[in-house]
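Engineer: Using the hints provided, position chain B relative to the given structure of chain A.
Number of protein chains: 2
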Amino acid sequence: MATWIGEEEIEDLAIGAAILGTGGGGDPYLGKLMVQKSIRKNGPIKLIDPSEVPDEELVIPTAMMGAPTIMIEKIPNGDEALKSMQLLENHFGKKAFATMPIECGGLNSTIPFVVASEAGIPIVDGDGMGRAFPELQMETFNIYGVKGTPMGLYNERGDHCVLDTLDNDMLEYISRGIAVRMGGVAHIADYAMTGSEVKRTAIPNTISLCIQLGKAVRTAQEQKTDPIKAIQQVTKESIYGEAIVLFKGKIIDVERRSTDGFVRGKTVIEGFDEFDGKHLHVDFQNENLIAKIGSQPVAMVPDLISFLDLETGSPITTEGLKYGFRVLCLGIPTPPIMRSEAALEVWGPRYFGYEYDYQRLEDIHKRKESVR
Amino acid sequence: MATWIGEEEIEDLAIGAAILGTGGGGDPYLGKLMVQKSIRKNGPIKLIDPSEVPDEELVIPTAMMGAPTIMIEKIPNGDEALKSMQLLENHFGKKAFATMPIECGGLNSTIPFVVASEAGIPIVDGDGMGRAFPELQMETFNIYGVKGTPMGLYNERGDHCVLDTLDNDMLEYISRGIAVRMGGVAHIADYAMTGSEVKRTAIPNTISLCIQLGKAVRTAQEQKTDPIKAIQQVTKESIYGEAIVLFKGKIIDVERRSTDGFVRGKTVIEGFDEFDGKHLHVDFQNENLIAKIGSQPVAMVPDLISFLDLETGSPITTEGLKYGFRVLCLGIPTPPIMRSEAALEVWGPRYFGYEYDYQRLEDIHKRKESVR
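Residue numbers (the working numbering), protein chains in the order written: chain A, 96 to 467; chain B, 96 to 467.
In short, the hints are calculated from the structure, not lab data.
Please read all numbers here as calculations on a predicted model, not as lab measurements.
We treat Cβ as the ideally placed atom computed from N, Cα and C, and that holds for glycine.
Just to be clear, a hint being listed does not mean it is correct.
[Unchecked claim] Label pairs and their computed distance ranges (CB to CB): (1) B/355 <-> A/252: 19 to 29 Å; (2) A/187 <-> B/355: 55 to 65 Å; (3) A/261 <-> B/151: 28 to 38 Å; (4) A/252 <-> B/374: 23 to 33 Å.
Extracted from the complex, chain A is given alone in its bound form (with noise of 0.2 Å):
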């Protein structure tokens, strides 16, 4: 069943884009203008569930990589993430039918849009991450045995190149550097497949998820009620499950810095209310990583752990994280595709350098409840 997206739906997809995008994704707020102008110049862009793509037919995710720090700071021309689809085409010698996002947030569930209404082409209801992950082969479609090239990558002067490697963690590696010195982010179409391996390997339905999530935000918000409840409720619903409760505090202290083509940082939370005398460690690559109270982890990758302003449930990316906002912390546990033990391998919290197993964000909390 095919659904139109309009310039309404697009206000709502950047909110729950962002929730899902823990952190990372680039800025909801410049996505959400490119589509809304491009609804505006060639009328609603048609989404379609991942059932609806023809078994042979050509999908090409399309998004942006680097540094969010970076992509704040160099507004695209809107046209980029297109052509680079379009050296895939030329590559490949056959059109897309459709586009998709690779990842749920806040630049990369949009870009998608602005392609599909550029190309005439609808966007598929679903990505590889259910959330956003700071490098290339954090894809379930890598998991799953598709092949991440060719891939083609565009800045905004206009350079631009089609790679082709050996394996998606290479393609992670020759790209990150291209994406550095082609000025710190590039757009790109990598993950070309088919309708089939769409079907097998994509994380379905989660652009309706975004769309629904943040709908129920922005309702709470309006009818002042508690935007926090809305979210819980919708992710009980879906394929993730329950929205947790991880903290509640004020930001004392954020340290960031780009290197490699990332944004690496943590921040720290001063808590009150029922966490009152406790402190919140969050790391960053990109992305929310690891949250710990004191060295104890209340989430992990791959489970999602997202900031929202304490007051309204807005989301707030990691380049967004000031001193002395209000926020609360929030874990959502990721779908069961995202939990193999193959997946686990690749952005387990040991991908990440950290020394422990990865535990079910359910599962701690039920020990957390067990104990109190």
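Structural biologist: Using the frame of chain A, we list chain B on its own:
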């Protein structure tokens, strides 16, 4: 008048290319073995004058880029540069009429011979530097208006890409990043051009000159005559200018590090004979850049600075410099096409961060003579 190049000419080429390579361009021994293997398999290779390339035909230069220190650790399979050329042939939908070197230097004078042999095409007698230089915008092709991209890059694993940049400075910057992430070296095809562009922008007959230089040195070695005098005689009659002995002595220090895709460093020579009590300091970035006695420059880019074994006259590349070697340092004036104002902006001493205006080698030497 085409010439057929056999194994013996390649022996000479390797020596001569290492002299004009001014320390860079990779190990001449490795390159020689690769070509000789191809010649044994496919027969002699056709060397043609630039004037023999029809105006509309396509010439695709081939080479290796990266730190020579890594090049000698990662011996090529032999077909990577051919594959990088084929990336561009596919891109243009047109076969190369011929290949050619982008510079004179150990590996980069020989790799195009391997490509020519394997592809069954001739090699054009000329190049774009008349020496070796560390960066890819340092080409007469660039200075006189040829676009360096599309560029094909290939590594020994089979990772590859086609890069297109708006200008040749960005070509160098992005491709260097790719070469680093491809493992420190990449096999490349760039500055694809027409026959008429070859005639207009290449430094002609530098391959023949390398062979002549190598033959002169080898003959002198066999006949126990002075190889330096032989080099001086050959250079005097070329578009370069007579080679000048800058220094004789023993290497007492070498410092080298591989950073950002280059090998950078310096060496210090303690003089003997007429240089007794003096020290020569030579800085290099892949190639020798500037030679000073005390604080006085005695040669600087783009003039050629080459080290030779003091006894045999055999050239020594920057990665071959070792403590205790007894060496002769030779300066060779660069051809006039390399000394235009536009050219000096790209490869004069100031580009490399030195606070000197370019002084011609023969002028420095004339002043020294008149002071004596």
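Engineer: If you test the structure against every hint from before, which numbers come out violated?
Structural biologist: Violated hints (numbers, rising): 2 and 4; every other hint is consistent with the structure.
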